[in-house]
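Visitor: Sequence:
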Amino acid sequence: MLFTSRPRFTPLCLLLFSDLLLITQPKSGQRLQVLDYAHRSLVQAQQVPDPSGPPTFRLSLLSNHQGRPTQRLLQASSL
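In case it helps, mature numbering (1 follows the signal peptide of the UniProt record, and there is no 0) puts the sequence shown at residues -29 to -1, 1 to 50.
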C-alpha cells in the first residue's frame, strides 16, 4: 500500500527582531515555543506564485541555530 504525503499546516508565528528571526509555535495561553531561529543576514524569503490560494512563500534559513540550512513552505493568513 502506498501512502501519499500531504502538506501539513501548523500555525506559526514569525518574530523579527533587529538581527534575529524566531520561528515559533503557539502553545497554551500566551506562550510560544521556539522551533528555530537564525541571524537576519542568513534568512531569505521567496514568493511562491499561487493566484488561487493564500499568499505562499518559501522561507530559507541559510544557517539556523544548529548551523544547518533549513527551508519551510509557509502560507500567510494575511499580508
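Source of the hints: derived by calculation from the structure; they are not laboratory data.
Don't be surprised by glycine CBs; every beta carbon is placed ideally from N, CA and C.
Some hints could be false.
Taking CB as the label site, the calculated pair distances span [to be verified]: (1) Gln17 <-> Leu(-15): 15 to 21 angstroms; (2) Ser23 <-> Phe(-13): 32 to 38 angstroms; (3) Gly(-1) <-> Pro22: 21 to 27 angstroms; (4) Gln1 <-> Asp21: 16 to 22 angstroms; (5) Phe(-21) <-> Pro20: 29 to 35 angstroms.
Visitor: Next step is simple, just say for each hint if it's right about the structure.
Guide: Evaluation of the provided hints:
Under the hint 15 to 21 angstroms, the C-beta atoms of Gln17 and Leu(-15), about 20 angstroms apart, fit the expected range. Look at Ser23 against Phe(-13): about 34 angstroms separates their beta carbons, and that is inside 32 to 38 angstroms. For Gly(-1) and Pro22, the hinted distance range of 21 to 27 angstroms is not satisfied, since their beta carbons lie about 37 angstroms from each other. For Gln1 paired with Asp21, a C-beta distance near 32 angstroms fails the hint of 16 to 22 angstroms.
A C-beta distance of roughly 19 angstroms is found between Phe(-21) and Pro20, which places it outside the suggested range of 29 to 35 angstroms.
Figure legend: structure checked against the earlier numbered hints; hints not met, in rising order: 3, 4, 5.
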